[in-house]
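Trainee: Protein chains in written order, with this note's numbering: chain A, 3 to 118; chain B, 10 to 121.
Source of the hints: derived by calculation from the structure; they are not laboratory data.
A couple of the hints might just be wrong.
Simulated crosslink set (DSSO-like; lysine-lysine; CA at most 30 Å straight-line) [claimed, not checked]:
1) 121/B - 5/A
2) 15/A - 25/A
3) 121/B - 65/A
4) 67/A - 5/A
5) 5/A - 21/A
6) 25/A - 65/A
7) 5/A - 88/B
8) 65/A - 76/A
9) 65/A - 15/A
All figures in this text were calculated on a predicted structure; none of them were measured in a lab.
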Amino acid sequence: QVKLLQSGAELVKPGASVKLSCKTSGFTFSTSYMSWLKQVPGPSIEWIGWIYAGDGGTNYNQKFKGKATLTVDKSSSTAYMDLSSLTSEDAAVYFCARGGWELDYWGQGVMVTVSS
Amino acid sequence: DVVLTQTPPTLSATIGQSVSISCRSSQSLLDSDGDTYLNWLLQRPGQSPQLLIYSVSNLESGVPNRFSGSGSETDFTLKISGVEAEDLGVYYCMQATHAPLTFGSGTKLEIK
């Protein structure tokens, strides 16, 4: 069955970067879109962007351009998101999800804490 | 960005009761391709969101048929016909017609 397994919780210092991973199985990764989303207590969900695993093409929410970089490794069916220059406003739970708009399967989420 | 306004913000229901959640969009969600990219998701406590309905009224595989969606253009509704205990959580509408993809602020369903 379809599985999206995200890496563990991260504690990062302000100004640092972090790379989150989303290892997938149970579907054809190489022809799939993978999305990333941010959830802060509120609750509120924001779409960060998607990447097409076939050719690495990306589509970002303008708000997250320069903050997030999406990549994939087709050999391991894994999607990645780099978050740079972290501030307290980047503290959140981040999800990966399959699809560009369907979002039919989600990872379990990873909490990113930004603190010195 | 498209703003999705969900009402009510909180809903309290007894088991077996039927309830509806409204989602109103600041712009028409009818795409030029003829489809309307309005989805409904449920986030149970401590879990990831789960897709319930896509393109207004299409039930995702494995989702009980007590869930139904309707609407068009800017007004959409999720109905639960006979709430069950497992339905508690936060319901979100989400649109993907206009970039960026946006979510409503959620409706929390509590079981009395």
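Trainee: Taken at face value, is the distance from the CA of residue 88/B to the CA of residue 5/A at most 30 Å?
Mentor: The given pair, whose Cα atoms are some 28 Å apart, holds under the 30 Å limit.
Trainee: Is the straight-line distance between the alpha-carbon of residue 121/B and that of residue 5/A 30 Å or less?
Mentor: Distance ~33 Å between residue 121/B and residue 5/A Cα, so the pair is violated.
Trainee: With the threshold set at 30 Å, check whether the alpha-carbon distance from residue 25/A to residue 65/A stays at or below it.
Mentor: holds, 25 Å
Trainee: Taking only the CA atoms, is the gap from residue 65/A to residue 76/A under or equal to 30 Å?
Mentor: holds, 27 Å
Trainee: Starting from residue 121/B, check that the Cα of residue 65/A is at most 30 Å away, please.
Mentor: violated, 39 Å
Trainee: Has the given pair, residue 67/A with residue 5/A, been kept, meaning a C-alpha gap of at most 30 Å?
Mentor: Holds, at roughly 28 Å.
Trainee: Between the alpha carbons of residue 5/A and residue 21/A, is the straight-line distance 30 Å or under?
Mentor: Holds, at roughly 20 Å.
Trainee: Between the alpha carbons of residue 15/A and residue 25/A, is the straight-line distance 30 Å or under?
Mentor: The given pair, whose Cα atoms are some 25 Å apart, holds under the 30 Å limit.
Trainee: Measure nothing beyond the straight line between the CA atoms of residue 65/A and residue 15/A; if it is 30 Å or shorter, mark the hint as holding.
Mentor: holds, 22 Å
This entry does not satisfy hints 1, 3, going by the numbered hints stated previously.
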